[in-house]
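Chemist: Residue numbers (the working numbering), protein chains in the order written: chain G, 1 to 239; chain B, 240 to 473.
No wet-lab data here; the hints were simulated from the structure. Just to be clear, a hint being listed does not mean it is correct.
Here are some, though not all, of the chain B residues that point toward chain G, as calculated from beta-carbon distances under 7 Å [what the hints assert, rightly or not]:
1) 249
2) 253
3) 283
4) 290
5) 338
6) 400
7) 437
8) 445
9) 446
Far from chain B, some chain G residues (derived; all Cβ distances over 12 Å) [claimed, not checked]:
10) 45
11) 91
12) 96
Ideal placement from N, C-alpha and C gives every residue a C-beta, glycine not left out.
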Amino acid sequence: MINTIAQIDFVASAGRSPWHRASALPKLVLAGGAVGLAVFAPGLKLQLALYAMGWLVALTSLLPLRLLAAAAGYPLLFSVLYIALRWDGSVEGALSIALRPLTASLFAVWLVGTTPYPDLFAPISLVLPRAAGDGLFLTYRALFELLVRTQRLFRAFRLRAAESLPVRRRLPLAGEGLATLVLYGFERSQRMYSILMLRGHAGRICGCRHYAEWTRADLWVVLGAAAVAAAGVLLWRSP
Amino acid sequence: MSHLHIPDGVLPPLLWAPGLALALALLAWTGRAAGRGAPKVIAYQGALGGLMLATMSLPIPIFALEYCLTLAGTVGVLLGPAASFPVVFVVSVILALLGQGGLTVVGLNALVLGAGAAVARPVYVRLAARRGQAAALALATAAAQTVSGLTWFALLALALSMSPGAPLAIAHGQAGPKLFAGITLAMWVVAIAIESAVAFGIGRFLARVRPDLLPPAVARAAAPATVSAPGIAP
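In isolation and in its complexed conformation, chain G is listed as follows (with noise of 0.2 Å):
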């Protein structure tokens, strides 16, 4: 999951397709809609449609196939063990239930892979209660920092010859070592704080205004929007 974080973080800001020259907020609107409208979808016909539109914004976002695989592959898992609890020989009944995830998962990943993260966050933190429209950003800028020294950590312990002992001795070892994280963390923390103090913090960390700039590359996005809403409207009764 590490290499899936920094390299849809990286594509997001590095990426040259139509899709990341889109503002954020129309590209929004088009994966909360397409993900609504899976997830209620009635028939199969509409789910595989929303799905076949999923890998064509997704692959025209040009990001790499196998992240795609990785990210869009997730809900598999869970879908699978639902299925199997769920099971009654329907085959189209499995895949309604597999379908809806794996569509929601292909638009979510597309929408982060092809938006920078505080376009992103900027107009979901505005409707999010403070602490949590902060927490996205500060949470997001520390997660790379830790990723980091948490990977060099487990690096050392395998170099160390950590895995050779004992699972009772290994486990609270590196439980020792993410303390040391923790501490970290909250050092960071304390010197985030005095920035905030510095920068004369108001009361909200604000984004940056770039996610409702409208570009010509946003008309992509109105062509998806009006395809996904046709597609909901033409084959909303099929079965």
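Model the placement of chain B on the given structure of chain G, informed by the hints.
Modeler: Structure of chain B alone, referenced to chain G:
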């Protein structure tokens, strides 16, 4: 088990919509309750949320499968019930945006993790004086994982019972679901043991190096015996 995030479209809207509403209501309430120490607390919440996500990304092999730590219990002890809920909500949102867990079920996923985090500190403060900080953190984490797991199982059972024409296959004695249930329960127990052992190490280290980060213990007698002074935890 609490880390097996529920994706979009699997659960009925009658379940996830109230879950989302409840999570947003809790978020507003806990945001106000935890906001007294802001932005100091918010910065700490961000750091611990980042640590949760970072540790979730490192899989621990268990036989043929892999387990990802959540640290929900540890975060619950360090921040307290009110301040830890925004953290698990934000973690669920970021995971959903990365395709791990659904956007519509962010509320339910946050409630599953948040339920565990909420019980962790009350358990810790009752046990720390008698058992020591490390053991208390491990037991609080075990309680958190148990509550999260039970919430997850309850949601799954509720979802199955709410789906028309989908009786609980387990109750009907089918071999496949029984096997699934057996594997899932076994993994849940292993997950509780792993999280608790890791939490024991975290508690042991923090008790030695920065005991002020751990919350004060409740003394059994009336005397105000505290193990340590509170850090920035609310």
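Chemist: May I ask you to check that residue 45(G) keeps its beta-carbon over 12 Å from the closest beta-carbon of chain B?
Modeler: The claim stands: residue 45(G) keeps its Cβ more than 12 Å from every Cβ of chain B (closest is about 16 Å).
Chemist: Can you verify the interface hint for residue 253(B): is its Cβ closer than 7 Å to any Cβ in chain G?
Modeler: Interface hint status for residue 253(B): violated (12 Å vs cutoff 7 Å).
Chemist: Beyond 12 Å from chain B, beta-carbon-wise, is residue 96(G)?
Modeler: Violated: least Cβ distance 9 Å, not greater than 12 Å.
Chemist: Holds or violated: is there a CB of chain G closer than 7 Å to the CB of residue 400(B)?
Modeler: violated (11 Å)
Chemist: Go through the hint on residue 446(B) and say holds or violated, using the shortest Cβ distance to chain G against 7 Å.
Modeler: violated (9 Å)
Chemist: If I take the minimum Cβ distance from residue 91(G) to any residue of chain B, is it greater than 12 Å?
Modeler: Given that every Cβ of chain B is farther than 12 Å from that of residue 91(G), nearest at about 16 Å, it holds.
Chemist: Given residue 249(B) was flagged as interface, is its beta-carbon under 7 Å from a beta-carbon of chain G?
Modeler: holds (5 Å)
Chemist: Hey, does the residue 338(B) contact hint survive, CB to chain G under 7 Å?
Modeler: holds (4 Å)
Chemist: Does the nearest C-beta of chain G fall within a distance shorter than 7 Å of the C-beta of residue 283(B)?
Modeler: holds (4 Å)
Chemist: Could you check if residue 445(B) really has its C-beta closer than 7 Å to a C-beta on chain G?
Modeler: holds (5 Å)
Chemist: Hint check: is the beta carbon of residue 290(B) less than 7 Å from a beta carbon of chain G?
Modeler: holds (5 Å)
Chemist: Given residue 437(B) as an interface hint, is the shortest Cβ-Cβ distance to chain G below 7 Å?
Modeler: holds (4 Å)
In summary, the structure is inconsistent with hints 2, 6, 9 and 12 from the numbered list given earlier, while agreeing with the others.
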